[in-house]
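Residue numbers (the numbering used here): 418 to 603.
Okay, the calculated beta carbon distance ranges per label pair: (1) 492 to 559: 22 to 28 Å; (2) 559 to 524: 24 to 30 Å; (3) 492 to 578: 29 to 35 Å; (4) 438 to 524: 20 to 26 Å; (5) 528 to 435: 28 to 34 Å; (6) 578 to 427: 48 to 54 Å; (7) 438 to 518: 21 to 27 Å.
These are computed hints drawn from the structure, not numbers from a lab. We put the beta carbon where it would ideally sit given N, CA and C, even for glycine.
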Amino acid sequence: MKVVSEQLKVHWCERLYEAKAAELILYGRALGLSHGEAEDVLHETFTALLRLEERPELPEHYCVRSFRNRALNYRRGLWRRLTRELESGRWFEPANDETPYERMAVRCLAGLPDEQREVIVLKIWHGYTFEEIGELLDRSPNTVAGRYRYGLQKIKVQLQGADHERTGFAGDTIAFMASAPSVGGA
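Assemble the whole structure, with the sequences as input and the hints as a guide.
Below, the structure written as structure tokens:
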């Protein structure tokens, strides 16, 4: 019976890892970790999940919360902070086929305060509602929505002021940001 239980645990953890790993690494980057640090925290998180006696009631929420706590603890070390400061210029690992728009998006996100960047990543890449983000961060949904809205406004200003060719991409992006939903529309 224990073997079956272990196989079920590995199965739900494996599915969760496949679904959330890339998003969690991006979230780690938004929290100020290097790519390698985010991967380390990701593996620590899933190692801990595999050690649980039972599957959490809300595995995805538990996983993101656990990852966040571990990432914040990881950042607290003095040597890690020095390493992070040296690597601050490389917020995302650049891809070989990265487009100018992707580089611009990375620059815009990197220029935001941590709180706004964290909420935007959780909202857009993780698809969380303001209520879910508020619960995760121990903040009210209105505070979270404000951080999201202010962050998008800052990105909009950066995009409008950017020296680039005006294409449908930039116009659509700015129009999208201008119509960001309120808390009730989340």
